[in-house]
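Kindly generate the complete structure, drawing on both the sequences and the hints.
Protein chains: 2
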Amino acid sequence: MTPMKLFEPIRINTMRLENRIVLTAMVTRLSGEDGYVNKDIRDRYLRFARGEPGLIVLEAMGVHSVRSGPLLRLSEDRFIPGLRSLAQEIHDTGPSRVVPQIIHFLKVARSGWRQKIIDLTREEIKSIIEQYGAAAARARVAGFDGVELHMAHAYTLSSFLSLRNARTDEYGRSLENRMRLMGEVILKCREEVGIDFPIGVRFDGEECIKNGYTLVDSQQMALRMAQLGVDYISISAGGKFEDALHKAGEPLYPYTGYSGDRCMPSTVYPEAANGYLAHGIKRFINERGFCAPVITTGKIATPALAESILQEGKADLIGMARTLLADPDWPKKVREGRAETIIGCVHGNVCKNLDENFMKVTCTLWPKGSLQAPDSRDTEPPIWPRGAQLEAKYNKGRAELSWQPATDNEAVYGYDILRAEGHEPFSRLTAVKRNSHWDLTVFGGTTYRYMVRAYDLAGNRSEPSEIVNVYVPMLGMESLTGVDQTAARTSFACGEE
Amino acid sequence: MTPMKLFEPIRINTMRLENRIVLTAMVTRLSGEDGYVNKDIRDRYLRFARGEPGLIVLEAMGVHSVRSGPLLRLSEDRFIPGLRSLAQEIHDTGPSRVVPQIIHFLKVARSGWRQKIIDLTREEIKSIIEQYGAAAARARVAGFDGVELHMAHAYTLSSFLSLRNARTDEYGRSLENRMRLMGEVILKCREEVGIDFPIGVRFDGEECIKNGYTLVDSQQMALRMAQLGVDYISISAGGKFEDALHKAGEPLYPYTGYSGDRCMPSTVYPEAANGYLAHGIKRFINERGFCAPVITTGKIATPALAESILQEGKADLIGMARTLLADPDWPKKVREGRAETIIGCVHGNVCKNLDENFMKVTCTLWPKGSLQAPDSRDTEPPIWPRGAQLEAKYNKGRAELSWQPATDNEAVYGYDILRAEGHEPFSRLTAVKRNSHWDLTVFGGTTYRYMVRAYDLAGNRSEPSEIVNVYVPMLGMESLTGVDQTAARTSFACGEE
Numbered sequence: 001m002t003p004m005k006l007f008e009p010i011r012i013n014t015m016r017l018e019n020r021i022v023l024t025a026m027v028t029r030l031s032g033e034d035g036y037v038n039k040d041i042r043d044r045y046l047r048f049a050r051g052e053p054g055l056i057v058l059e060a061m062g063v064h065s066v067r068s069g070p071l072l073r074l075s076e077d078r079f080i081p082g083l084r085s086l087a088q089e090i091h092d093t094g095p096s097r098v099v100p101q102i103i104h105f106l107k108v109a110r111s112g113w114r115q116k117i118i119d120l121t122r123e124e125i126k127s128i129i130e131q132y133g134a135a136a137a138r139a140r141v142a143g144f145d146g147v148e149l150h151m152a153h154a155y156t157l158s159s160f161l162s163l164r165n166a167r168t169d170e171y172g173r174s175l176e177n178r179m180r181l182m183g184e185v186i187l188k189c190r191e192e193v194g195i196d197f198p199i200g201v202r203f204d205g206e207e208c209i210k211n212g213y214t215l216v217d218s219q220q221m222a223l224r225m226a227q228l229g230v231d232y233i234s235i236s237a238g239g240k241f242e243d244a245l246h247k248a249g250e251p252l253y254p255y256t257g258y259s260g261d262r263c264m265p266s267t268v269y270p271e272a273a274n275g276y277l278a279h280g281i282k283r284f285i286n287e288r289g290f291c292a293p294v295i296t297t298g299k300i301a302t303p304a305l306a307e308s309i310l311q312e313g314k315a316d317l318i319g320m321a322r323t324l325l326a327d328p329d330w331p332k333k334v335r336e337g338r339a340e341t342i343i344g345c346v347h348g349n350v351c352k353n354l355d356e357n358f359m360k361v362t363c364t365l366w367p368k369g370s371l372q373a374p375d376s377r378d379t380e381p382p383i384w385p386r387g388a389q390l391e392a393k394y395n396k397g398r399a400e401l402s403w404q405p406a407t408d409n410e411a412v413y414g415y416d417i418l419r420a421e422g423h424e425p426f427s428r429l430t431a432v433k434r435n436s437h438w439d440l441t442v443f444g445g446t447t448y449r450y451m452v453r454a455y456d457l458a459g460n461r462s463e464p465s466e467i468v469n470v471y472v473p474m475l476g477m478e479s480l481t482g483v484d485q486t487a488a489r490t491s492f493a494c495g496e497e
Numbered sequence: 001m002t003p004m005k006l007f008e009p010i011r012i013n014t015m016r017l018e019n020r021i022v023l024t025a026m027v028t029r030l031s032g033e034d035g036y037v038n039k040d041i042r043d044r045y046l047r048f049a050r051g052e053p054g055l056i057v058l059e060a061m062g063v064h065s066v067r068s069g070p071l072l073r074l075s076e077d078r079f080i081p082g083l084r085s086l087a088q089e090i091h092d093t094g095p096s097r098v099v100p101q102i103i104h105f106l107k108v109a110r111s112g113w114r115q116k117i118i119d120l121t122r123e124e125i126k127s128i129i130e131q132y133g134a135a136a137a138r139a140r141v142a143g144f145d146g147v148e149l150h151m152a153h154a155y156t157l158s159s160f161l162s163l164r165n166a167r168t169d170e171y172g173r174s175l176e177n178r179m180r181l182m183g184e185v186i187l188k189c190r191e192e193v194g195i196d197f198p199i200g201v202r203f204d205g206e207e208c209i210k211n212g213y214t215l216v217d218s219q220q221m222a223l224r225m226a227q228l229g230v231d232y233i234s235i236s237a238g239g240k241f242e243d244a245l246h247k248a249g250e251p252l253y254p255y256t257g258y259s260g261d262r263c264m265p266s267t268v269y270p271e272a273a274n275g276y277l278a279h280g281i282k283r284f285i286n287e288r289g290f291c292a293p294v295i296t297t298g299k300i301a302t303p304a305l306a307e308s309i310l311q312e313g314k315a316d317l318i319g320m321a322r323t324l325l326a327d328p329d330w331p332k333k334v335r336e337g338r339a340e341t342i343i344g345c346v347h348g349n350v351c352k353n354l355d356e357n358f359m360k361v362t363c364t365l366w367p368k369g370s371l372q373a374p375d376s377r378d379t380e381p382p383i384w385p386r387g388a389q390l391e392a393k394y395n396k397g398r399a400e401l402s403w404q405p406a407t408d409n410e411a412v413y414g415y416d417i418l419r420a421e422g423h424e425p426f427s428r429l430t431a432v433k434r435n436s437h438w439d440l441t442v443f444g445g446t447t448y449r450y451m452v453r454a455y456d457l458a459g460n461r462s463e464p465s466e467i468v469n470v471y472v473p474m475l476g477m478e479s480l481t482g483v484d485q486t487a488a489r490t491s492f493a494c495g496e497e
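Taken in sequence, the protein lines are chains F and L. Heads up: the first sequence runs through residues 1 to 497, numbered per this note's numbering. Heads up: the second sequence runs through residues 1 to 497, numbered per this note's numbering.
No wet-lab data here; the hints were simulated from the structure. Possibly wrong hints are sitting among the right ones.
Put simply, identical chains are the same to the list, so a pair is met inside one copy or across any two.
Said to hold, decoys possible - When the alpha-carbon atoms are kept at most 30 angstroms apart in a straight line, the in silico BS3-like pairs for lysine-lysine are as follows: (1) K107 - K247; (2) K116 - K126; (3) K332 - K116; (4) K433 - K368; (5) K393 - K247.
Quick look at the structure:
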């Protein structure tokens, strides 16, 4: 078999990545309000480093000193030492390269009030440019391999790019004016860090709000970034204030509305739900002779999917946040041919909900109460002392499953539920920690086969349970086979195209 | 050249369509509150009929008698005569087949309160089924060629299909239960109209709201419809109550939020913005052996785009609403090789805004004050008595265009603005009625060529104006050519994939 493109090294300016897997920036709420690196932050990122992704993007750090919730800072030199030792430790841990994501944001109040870009004076805009430049320079001094400029979601630079940008001066309304601050910030950062230090940009391929921009504009924005010498372009979506739901007594939070869902696609979305954005942007800039690598993100959880996106040329790198939160060892396991031991993200967005409720971000699949992903070298799989005794029955439009608990020398971590339609091959439906599950997604007139496997902290899988069949009845179809066949015939012939 | 697939006839159950163009249902607000066909409605649809689309779907008609704004009704036999003569006149006018879209909706109050499906009793649900069946039977009696069941947007059946359906009985939560009422309504209508009367369904391929369903569910819903013998499946998107913006003193209206924009994609969206939904659904049901034709809609304005969608097998029929509102003669003009005389929709959504403000729906391109599209046989194009004298200059991030008014033997109807980047071919940017325009979408570092053409009521185009070049400067790029080139080189080679 051919080597995976996922593990083909890639050079980004002077930075060489060992693989195409990128840990994209993710809010952790583990830092203090003082902005310094602390033990929890350190533990979180060193854990990611042990999994060996090609690139680790550290969570957003403020370029300025406005008060806020827990947030790392790169706004003053005093933050450099802590970040330098973190970068050093990440380098000492494995091959991962590491860049900080730097951010500027406006004021938000618990009343729901928020400062808007239309309120900013020219002097304030100039200072944002200076702050970005200074923070980028500190990133280099701190020993990072590059820097990522946060121009996505609800934050200052994204609000300038937004189609909702209503400024009437040279920073607003027209596409060129909306891109002006982005350009000035990129140029200033380049001036500060020099030509041989990678500068990446993360921005929204689509705003996903009423009167927001779409690929029509984001393709041009990416082209401008490439023209300005940006070394990689990381594509996100949504995460805006405009449709955020205000929680009484809390600051308005930009991931609470529909656009927040589009930013972190849940179970209800197809795999790689935002893939069309990175694909459309990559095609657009490549056709115009620009090669800045494009990172795609959004519900990419399996090696097969990640590899196919690269093989099809839809992106140059695969961004993962929730997938690596669920299993930081994902890259290493795939490289070592142990993909079957991956703890798979179920896209239930418990992590997103913790963030929305201003709590420390963990994964629901982790052992209760733990602040970091487990780190086990165990090789002994769970067993079913009394057999799995899987039972599954149809009831009220759903399939109800239950089974006996498994045991493990360390601890049983969870159960994968596998499902097959008729004689199709099994695929993973979801994973749960308890030993029962209701499948609300069954489709009538189908016989489903179910099977469960227990897994431990290292992802070792138990023997599969017995396979149990469930027939899901379909509303009155028995009597209707004739009708639908006729209807099928009386319309035009299939496979016409 | 090969004949266009767009004009390849298609049989849908017993109904033969002369071409693949469908006028999808559109709110007109032309009817009275009494629910009877009136002169304005008659004029509107006979105008469409003269343009010869393969199928005309009449705007939604209530299956029940709840009070509402202007709305046609099919809820009692007394509405049959008016509809029968309208159907007859449409048949007498041209080859178009015609079906009514039938709808059930819940109560909405000016306070913003709205009745929800969770409030419905089993008896009320049973009566909805009966009402749909009776209305479908009336559609046949009235001489229509079929009937379309409205299961899209914010209305009752769509709310049952919705992932937000929180009913705890057999009509809610699980996919099967959410599809239950849909199935019961389809079976009841089939029972009422018989096997040889086409039944179509229009529903959302994606809800486009927080926690709404996506293609993951809509593919299964479409499969169920096909299994139940539905004769065509028409795909819409969004248009939900959940994100509607309440206008004080008016009933909550479901096209006012983000999901409303997704329903009628405006200028900011790519062409055929919702095409992936029909494509994904068609592929899914065809792979499972079902052939119910799939109709795609959403910003499909040019013959080339419509034809390519059919050639690529992404849909079986092309739905158009705004495109045919702007120019009801679109199908006829394309068939007769007069595509260059089409009055092109500009997707400014003035029609959508009129609807949102409870006003009669017209097209902004139409002559001021007219309630119907003009109907001119004139063949004499507009002229430029003093030349067009097109002037275009760059100013503050935009290109500012102005030209001399044209004159016409009948009336100058508008001006197409054509734009080309560098030496690329010209394409239509937009159309305006006044003789000036600001282009806010220009991209710096580009020389644009502009040209305008005047058109009259019949769509006859004047001679093109002179071509004027505008160079749009790009923020500091002059000094940067070196940098971005280097950056491009230092990253990986283009065309690697």
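Worksheet entry | Hint numbers contradicted by this structure | Of the numbered hints given earlier, those the structure breaks are 3 and 5, listed in rising order.
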